[in-house]
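**Student:** Mind assembling these two chains? They're in different frames, but the hints should get you there.
Protein chains in written order, with this note's numbering: chain P, 1 to 258; chain S, 259 to 555.
Treat the hints with caution; some may be incorrect.
To be verified - Quick list of simulated restraints, FRET-style, between CB atoms:
#, chain 1, residue 1, chain 2, residue 2, range
1, S, 541, P, 181, 35 to 41 angstroms
2, S, 364, P, 58, 42 to 48 angstroms
3, S, 391, P, 123, 51 to 57 angstroms
4, S, 382, P, 101, 48 to 54 angstroms
5, P, 144, S, 392, 36 to 42 angstroms
6, P, 19, S, 387, 51 to 57 angstroms
7, S, 513, P, 146, 54 to 60 angstroms
8, S, 364, P, 78, 55 to 61 angstroms
9, P, 144, S, 305, 57 to 63 angstroms
10, S, 359, P, 138, 49 to 55 angstroms
11, S, 391, P, 151, 52 to 58 angstroms
12, S, 550, P, 227, 44 to 50 angstroms
13, S, 352, P, 193, 49 to 55 angstroms
14, S, 362, P, 101, 51 to 57 angstroms
What the hints assert, rightly or not - Pulled a few chain P residues facing chain S out of the computed Cβ check, cut under 10 angstroms:
#, residue
15, 84
16, 86
17, 87
18, 90
19, 91
20, 95
21, 96
22, 159
23, 162
24, 172
25, 247
Unchecked claim - For lysine-lysine, the following DSSO-like pairs were computed, each having C-alpha atoms within a straight-line distance of at most 30 angstroms:
#, chain 1, residue 1, chain 2, residue 2
26, S, 296, S, 284
27, P, 142, P, 128
28, S, 490, P, 128
29, P, 122, S, 449
30, P, 128, P, 9
31, P, 119, S, 449
32, P, 194, P, 140
33, P, 140, P, 128
34, S, 449, P, 9
35, P, 194, P, 142
Simulated from the structure, these hints should not be mistaken for laboratory data.
The model shown is predicted, which means the values in this text are computed figures rather than measured ones.
Ideal Cβ placement from N, Cα and C applies to all residues, glycine included.
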Amino acid sequence: MNHPDAPLKVEDLSAFYGDMRAVADVSMSFAPRNVTALMGPSGCGKTTLLRCLNRIHEIAPGARTEGTVLLDGEDVYDSEMSVIELRRRVGMVFQRPNPFPTMSIFGNVVSGLSRSVPKNDKAAAAEKALRSAALWDEVKDKLGRPATALSGGQQQRLCIARALAVEPEVLLMDEPTSSLDPISTLSIEELMTKLAEHYTIVVVTHNMQQAARVSRYAAFMLADETRAGRLVEMDETSKMFTKPSDRRTEDYITGRFG
Amino acid sequence: MFLIAIYAASGFFVLLVLLLFASLVKGSWPALAAFGAKFLWTSEWNPVTEQFGALPLIFGTVVSSTIAIVLAGLVGILAAAYLAEFAPRWLARPLSFVIELLAAVPSVVFGLWGLFVLAPFVRVALAPSLQHAFGFLPIFSGPISTGTNMLTAGLILALMILPTVTAISREVIVAIAQDLREASMSLGATKWETVSRVVIPAARVGIFGAIVLALGRAIGETIATTMVIGNKPVIAASLFAPSYTLASVIANEFTEANGDVYIGALLELGLLLFLVSFIVNGLARLLLFTVLKGDRA
Ligand SMILES: Nc1ncnc2c1ncn2[C@@H]1O[C@H](COP(=O)(O)OP(=O)(O)OP(=O)(O)O)[C@@H](O)[C@H]1O
Ligand SMILES: [Mg+2]
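Isolated chain S (complex conformation) (with noise of 0.2 angstroms):
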């Protein structure tokens, strides 16, 4: 009876994904039909001409996700391997809640700090100092016109995946068994030896799993993205420009769309988050799976 009813589940939420994607498709129909292909690659976002093309706002997520990966990703690596290996425990126990804790701050909450304190702090501070240092790299070249932009965004998105990184990496590295800490110990190497050569390592399969679970939720951040990027579809070298997202043109567009096409190549928007998130997701669930044998994933 309880199989039953088990199975009777999972077949519901596999007809749903179905269904998910089946309506996807068929709302986005008529932007299929108009664009094909094309509207990967082309770059023009225009609702008044009715055309649309999607390049400007896949390379501001990819843009904006990469720079929160990488951001996050070190910072999140080094934090779980101090929570993990080096904090005393008064201090790691209290620090890995708090961390946990930020996992749960609603992601309005980041959009509105991030608008109101960072957007402008990156204007005033950070985007001068870099541009000043480092301003013969075409990133952190261009004016500085405006707080919200590509790297705010991207700054934004590190802080709310930081958390996922480094909790999920810390339960990795806590999982790998303390015989290796103490036969590396035993020939002499020094803690961080230990953990740097031996530890991390051993935990890198479970790292990378968090770092692309960590990825899907910076692709698919909706809310505080659209608060900081500056909500324009141009594909700009400089990391001070403001840029758009595929969440973001959804969730700014929608309530004004109108007429089948751009209906269509919003719906379209969502297929292809929709694709995206459902593959980085199963690849990361996949890894980590196998890694903590399922008792997290």
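In isolation and in its complexed conformation, chain P is listed as follows (with noise of 0.2 angstroms):
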């Protein structure tokens, strides 16, 4: 898949820890404005590949990379590029719900803000982020409470808030409803949706219908007999689940295996 105008891609990356390595050679760009999903079994290099996007890959020890991430046309892995500017256009969600224990739901939010922000300042930014996240009706009158107060699904909206406080272009998502309830997993996926508008998002996921219900991108990843992940497949999603050009993700999809 090639998006010609696509903020975010990837050109013969590869991904290591220590010797063993844990993608290969993946190539592909992601849509603006859309959302697309990264699928493949257990252990095949998903949540490896995302982590690479943002440069979180390289503080696990002994992790290394190789080949181009381009952000708008920049090579993140650049020496000029900084990795604080880009971690900041390139937000993340967990998928732990993980808010910072110590902080109240209004410290959460704002804490990728830099500190010299002034006060009023944070607030409109906390309202904003908490609005796009769907959570702002939910906590705008206990902001001071802690966050680990909130359920879990609201945990979770709350570190999309979190992310969306420092406006990043580009929102990764690694499994991001995999710990939560059917319903706090609905008003996430629908959330997603509607973040789409603005944002280039990137999810990894399990699940085949929230793939099929959330993305208008699809790509099919495998690991090799080496146990490196390859890219199988990418394509829209309703193609790739009605007529998947390979074999391989025919099976992952029906459920032969994985």
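**Tutor:** Now the structure itself:
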């Protein structure tokens, strides 16, 4: 899949943990203001690939990458690129809701903002982010309460608000609903659809119904015999679920393995 | 069968603690009867006239432990954060190992080192330069006649409890979930911002537990303190003056104590130490238990 106007592109990307290659030669691009789903069986390198996009991968001991990741045409692994700047432009939401436990709801939302931002601006930014994350109405009267007092689904939306508050262009989500109940899952899925109007979203999911519901494009990955994850195919989600071009994709989708 | 053995053993220990407490109360009865609560806030400690007030000893214990806990707390938390978050692996492992070894050094060895190395250093170098720079503060004023004083005792105690603070704080920091660090870094925070704003605050209960546990050790430390504190039951503002602690009075005087009141007074000091250590250690273990889920405390 090649989107000429993609804000985020990956070219021949390989990712390593020590000597072990977890992602091999992946090239793909992510359509602007759309949701792209990364699918594949456990251990095929989805999380690793996602974590290369904001360079969180490199904080694991012995982790490194080869190849190119382009954000608006700039190589994010270039020495000119500030990793801090990159991470502010490419936000991330994790598998398990992980609000900062010692901070209030408000403190969590503004935790990515610079300390020099005036208080009023912080309040405005927090409200905007919480509204975008569809959480404002539920928490507007208790912004000072500890974030850990929220339900799991609310905590995950708080984490989304926290990522949105720094105004990223891209949002990376690693199985954001896998620890949530069905109702909370539904509300996060609705939210993703809405956020895709403004943000380029990449979501890892194990759940094929979820991929079908939220994503416009989908990529299918599989680990090869050396356990290195490779891209099998990438297409519009609807096409991938109806007429996949690769046998292995079809086998996975129809539940024959994975 | 096994369960019965466990219950019997725990029952036995509870009984032992109660017995210890009871015999301390019984032994100190002559002093309790003679001085009552006045024992806690009068300053005369005089075996000749049989006047016993523990205030200078309480003062010496509190001040020396406070110096120790402030210094060891600051250094220990920084060291723990460094070991857990910043040091490369090849350095962190041997360094943690050495720090834990330091905890195993017998306190009499610390005392010897304190007496022959640290005390002279305090007298000729550290105390004069502190006085030169901060002499306007009462705690750094007054004559520097000896190296065995409150400051030296505080420093030795700090050194002795540093391994406890560092090792346990390190453990607590390491136990903080990795995805909190990643969440912070993914917002563009630097490593240092992540550690200072997210990781250490998340570990604060456990770190506090480590500090309270170390405080318990400082309060009860006997032989090293006795060797370097000067052993004079006086209350002085200056840290350069000698002092005395609850534990070191007992260690120094129990062999020569005669008469029910004198022995009772020493046992009453023991009772005081017993109660304080019991409370401080109980609190520390409770805090650490909730944080480390019981796998250490
Ligand atoms: N920190 C790490 N150190 C070493 N190897 C790792 C590490 N994280 C992942 N791996 C390995 O890299 C490979 C890819 O893992 P990754 O987590 O990217 O898979 P995934 O597709 O996200 O799987 P899942 O669906 O189970 O989340 C696996 O073989 C895994 O064992
Ligand atoms: Mg994963």
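**Student:** Any hints this thing doesn't respect? Which numbers, in order?
**Tutor:** 3, 12, 14, 25 and 28
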